[in-house]
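Student: Residue numbers (the working numbering), protein chains in the order written: chain H, 1 to 107; chain F, 1 to 426.
Take these hints with a grain of salt, some might be off.
Claimed, not checked - Below 30 Å or equal to it, Euclidean Cα-Cα: the simulated DSSO-like pairs (lysine-lysine) are: (1) F:K270 <-> F:K213; (2) F:K347 <-> F:K368; (3) H:K47 <-> H:K82; (4) F:K355 <-> H:K82; (5) F:K270 <-> F:K216; (6) H:K82 <-> F:K347; (7) F:K368 <-> F:K270; (8) F:K176 <-> F:K314; (9) F:K355 <-> H:K47; (10) H:K84 <-> F:K355; (11) F:K347 <-> H:K84.
Stated by the list, open to error - So the derived label-pair ranges between C-beta atoms look like this: (12) F:S221 <-> H:R58: 12 to 22 Å; (13) H:R101 <-> F:T79: 29 to 39 Å; (14) F:R217 <-> H:Y4: 39 to 49 Å; (15) H:T17 <-> F:S221: 38 to 48 Å; (16) H:D104 <-> F:L126: 46 to 56 Å; (17) H:R101 <-> F:T236: 54 to 64 Å.
Stated by the list, open to error - Over 12 Å on every C-beta distance to chain F, these chain H residues come out as not near it, computed from the model: (18) Y4; (19) R13; (20) N14; (21) E44.
Just so you know, these hints were derived from the structure itself, not from any lab. Where a beta carbon is used, it is the ideal one built from N, C-alpha and C, also for glycine.
Chain by chain, the residues:
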Amino acid sequence: MTSYTPENIILRRNAVTALRFAMDPELGINIVDMGLIYGLETNEASKSIVVTMSLSSRGCPMGAAISGSAENVLIYGFPDYKVKIDLIWEPAWSYEFISARGRDELS
Amino acid sequence: MSTDGNHRPALYRLVIAHYLISAMCFAGLAVMMFFAAGNLTGHYFHPQLLAITHMAALGWASLIIFGAVYQLLPVILETELYSYRTAWLSLILFLCGLILMVYSFWNFEPGLLMQCGSFLLFSGILLFGLVIFLTARKNRDDIHQEFIITAVLWLIATALLGTILVFNFRYAFLQKDHLLFLKLHAHMGLAGWFLMLITGVSSKLIPMFLVSKEQKRGLLSWTYYLINAGLIFFVTDTYFFGLNIRTYFAALIVVSGIVCWLCYIAACFKSRIRRVIDLPMLHTLVAIILLSAGIIVLPVIVFYHLKSDPQAAKYTTLYGSLLLMGWISSLVLGQSFKTLPYIVWAKHYQHLAGKMPIPLPAELFRQKWLKVQFILYVAFVVAFFMGMLLKSNPLINIGLTCFLFVSLLYLANILVIIFHQPPTKT
Numbered sequence: 001m002t003s004y005t006p007e008n009i010i011l012r013r014n015a016v017t018a019l020r021f022a023m024d025p026e027l028g029i030n031i032v033d034m035g036l037i038y039g040l041e042t043n044e045a046s047k048s049i050v051v052t053m054s055l056s057s058r059g060c061p062m063g064a065a066i067s068g069s070a071e072n073v074l075i076y077g078f079p080d081y082k083v084k085i086d087l088i089w090e091p092a093w094s095y096e097f098i099s100a101r102g103r104d105e106l107s
Numbered sequence: 001m002s003t004d005g006n007h008r009p010a011l012y013r014l015v016i017a018h019y020l021i022s023a024m025c026f027a028g029l030a031v032m033m034f035f036a037a038g039n040l041t042g043h044y045f046h047p048q049l050l051a052i053t054h055m056a057a058l059g060w061a062s063l064i065i066f067g068a069v070y071q072l073l074p075v076i077l078e079t080e081l082y083s084y085r086t087a088w089l090s091l092i093l094f095l096c097g098l099i100l101m102v103y104s105f106w107n108f109e110p111g112l113l114m115q116c117g118s119f120l121l122f123s124g125i126l127l128f129g130l131v132i133f134l135t136a137r138k139n140r141d142d143i144h145q146e147f148i149i150t151a152v153l154w155l156i157a158t159a160l161l162g163t164i165l166v167f168n169f170r171y172a173f174l175q176k177d178h179l180l181f182l183k184l185h186a187h188m189g190l191a192g193w194f195l196m197l198i199t200g201v202s203s204k205l206i207p208m209f210l211v212s213k214e215q216k217r218g219l220l221s222w223t224y225y226l227i228n229a230g231l232i233f234f235v236t237d238t239y240f241f242g243l244n245i246r247t248y249f250a251a252l253i254v255v256s257g258i259v260c261w262l263c264y265i266a267a268c269f270k271s272r273i274r275r276v277i278d279l280p281m282l283h284t285l286v287a288i289i290l291l292s293a294g295i296i297v298l299p300v301i302v303f304y305h306l307k308s309d310p311q312a313a314k315y316t317t318l319y320g321s322l323l324l325m326g327w328i329s330s331l332v333l334g335q336s337f338k339t340l341p342y343i344v345w346a347k348h349y350q351h352l353a354g355k356m357p358i359p360l361p362a363e364l365f366r367q368k369w370l371k372v373q374f375i376l377y378v379a380f381v382v383a384f385f386m387g388m389l390l391k392s393n394p395l396i397n398i399g400l401t402c403f404l405f406v407s408l409l410y411l412a413n414i415l416v417i418i419f420h421q422p423p424t425k426t
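Please take these sequences and the hints and turn them into a complete structure.
Tutor: Spelled out as structure tokens, the structure:
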């Protein structure tokens with residue numbers, strides 16, 4: 001669980017920024033604005049980042065590319081940290097999760 | 001978490017082979033149509049038209065669908081393809097059978113070559129079915145899976161009847177008219193295999209590509225049951241009584257199923273968050289329009305057939321062309337540029353995603369070529385189908401010239417994608 005120390009808050013903010021570089025290859029928008037990121041736990045002390053995320057549907061053909069991309073940006077941005085991606089299906093992703101910026105980009 | 005991704009080298013080779021051979025068959029089909037232009041307005045039971053139909057239905061459309069299903073099914077079911085060796089053997093048998101069949105239909109030699117061809121084709125299709133059934137044995141209660149499995153069952157039944165018909169050419173053992181079985185064979189293939197598969201797969205992919213808010217799942221169940229019920233009714237009723245007044249009712253049931261699917265697709269389009277419709281999706285829209293046109297022709301055929309009017313044969317050729325060269329071809333011409341670039345992208349770039357700037361899948365082919373392909377295809381549709389209706393050879397020839405260029409542009413763009421090389425680091 002993320003503790004709200006200044007280091008953790010900075011790490012968390014940087015991790016979110018990094019995740020914005022992970023794109024859905026079909027739609028061309030980032031996975032944060034797509035609303036695919038459900039949770040982010042950062043721990044500066046144990047040097048770990050755990051992302052809880054979902055996909056637009058179970059069996060999404062782009063699924064591996066999207067989750068792999070999330071893992072890649074974090075490993076690349078935080079080489080000294082342990083990165084873990086947890087893929088979950090509850091709650092099921094919904095179009096309401098797309099941010100206003102994401103909707104603008106899609107339209 | 002496993003991030004080995006969608007890129008599995010064995011699967012990649014198998015899928016790419018299907019896409020490539022299918023594109024080559026499409027070019028071959030366009031050349032065959034060009035040389036058979038004079039016969040396209042005649043009776044559908046003509047050697048060259050039979051060769052063209054099998055090249056279109058099997059070499060062009062079915063092969064690319066096989067490839068797409070091999071790619072999609074393991075992803076939907078989160079499993080591995082049952083056997084790559086069996087899938088390759090299926091492809092080899094299928095191809096050998098196709099070449100023999102098309103050659104012997106074109107020259108109308110209903111002897112040993114055609115019999116061997118049909119047997120090889122049937123074996124290839126049976127092995128394809130085996131791979132699909134064994135891959136899907138871990139049932140996930142997914143409606144798209146039901147569509148695919150049922151479509152494959154119809155394909156096997158179609159191929160079995162086709163093989164029987166080939167042997168019937170020589171030994172004439174069937175008790176009823178050969179053309180009656182031909183109608184059953186054609187509709188099991190068109191509605192059972194193509195329609196069932198296309199409605200199932202498109203209902204998964206279209207809302208994803210459009211980012212649609214609304215997906216009316218209930219309509220999909222209606223689609224599934226109505227198409228199958230209508231087709232089973234048509235096959236049994238026509239087998240026992242031939243085309244009759246009840247054929248309208250069978251057609252109505254199948255068309256109701258198609259309308260449910262169209263309502264599902266319309267809801268996806270209306271509620272889409274992604275407003276821009278790209279060229280592959282435009283091709284899909286044209287496909288839907290041509291399917292609707294084919295449906296309109298269907299009662300006309302039954303009407304003329306019941307009156308024993310020879311116009312029935314003319315409208316049957318038009319109907320078959322609208323579905324094969326129109327609906328299915330337009331769909332494949334568009335969706336190839338949604339699926340293949342992603343498959344190749346996953347091979348070259350998936351592991352690099354997020355580490356460095358990489359192109360998007362849509363940047364792996366020539367957009368301008370696709371634009372020209374789309375314009376030429378629309379020109380083909382207008383000229384060719386007007387030419388068929390008006391029995392105008394100049395219009396048909398203009399249409400077929402456009403079709404030839406469409407096939408060459410498509411093949412060239414497919415080669416650009418397949419042989420894409422990532423830029424080397426400087």
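Student: Does each hint hold? Answer for all of them.
Tutor: Taking the hints in turn, this is what the structure says about them:
For the given pair, K270 (chain F) sits about 9 Å from K213 (chain F) by alpha-carbon distance, which is consistent with the 30 Å threshold. Of the supplied pair hints, the one linking K347 (chain F) and K368 (chain F) holds, its CA atoms being roughly 24 Å apart against a limit of 30 Å. Restraint check: the Cα-Cα separation between K47 (chain H) and K82 (chain H) comes to about 6 Å, which is no more than 30 Å; the hinted pair holds. Taken as a hint, the K355 (chain F) and K82 (chain H) pair is honoured in the structure, with Cα atoms around 17 Å apart against an allowance of 30 Å.
For the proposed pair K270 (chain F) and K216 (chain F), the alpha carbon gap of about 12 Å is at most 30 Å, so the pair holds. Restraint check for K82 (chain H) and K347 (chain F): satisfied, since their Cα atoms lie roughly 26 Å apart, inside the 30 Å limit. Taking the CA atoms of K368 (chain F) and K270 (chain F), the gap is near 28 Å; set against the 30 Å cutoff, the hint holds. Annotation: proposed proximity of K176 (chain F) to K314 (chain F) holds, straight-line Cα distance about 23 Å (limit 30 Å).
At roughly 20 Å between alpha-carbon atoms, K355 (chain F) and K47 (chain H) fall within 30 Å of each other, so this suggested pair holds. Our distance criterion of 30 Å between C-alpha atoms is met by K84 (chain H) and K355 (chain F), whose separation comes to about 17 Å. Between K347 (chain F) and K84 (chain H) the alpha-carbon distance is near 23 Å, which keeps this suggested pair within the 30 Å criterion. About 18 Å separates the C-beta atoms of S221 (chain F) and R58 (chain H), a value consistent with the hinted range of 12 to 22 Å.
Separation of R101 (chain H) from T79 (chain F) is about 36 Å and conforms to the stated range, judged on CB atoms against 29 to 39 Å. Evaluation of the 39 to 49 Å hint for R217 (chain F) and Y4 (chain H) yields a pass: the beta carbon distance comes to about 42 Å. A C-beta distance of roughly 44 Å is found between T17 (chain H) and S221 (chain F), which places it inside the suggested range of 38 to 48 Å. In this structure the hint that D104 (chain H) and L126 (chain F) lie 46 to 56 Å apart at CB holds, the actual value being about 51 Å.
Checked against the hint of 54 to 64 Å, the pair R101 (chain H) and T236 (chain F) passes, with Cβ atoms roughly 56 Å apart. Consistency note on Y4 (chain H): stated as away from chain F, and its beta-carbon is indeed over 12 Å from all of that chain's, at 27 Å minimum. Remark: the non-interface label on R13 (chain H) is consistent with the geometry, its nearest Cβ contact in chain F lying 18 Å away (cut-off 12 Å). No beta-carbon of chain F is positioned within 12 Å of the beta-carbon of N14 (chain H); the least distance is around 14 Å.
A cut-off of 12 Å between C-beta atoms confirms that E44 (chain H) is not in contact with chain F; the least separation is 22 Å.
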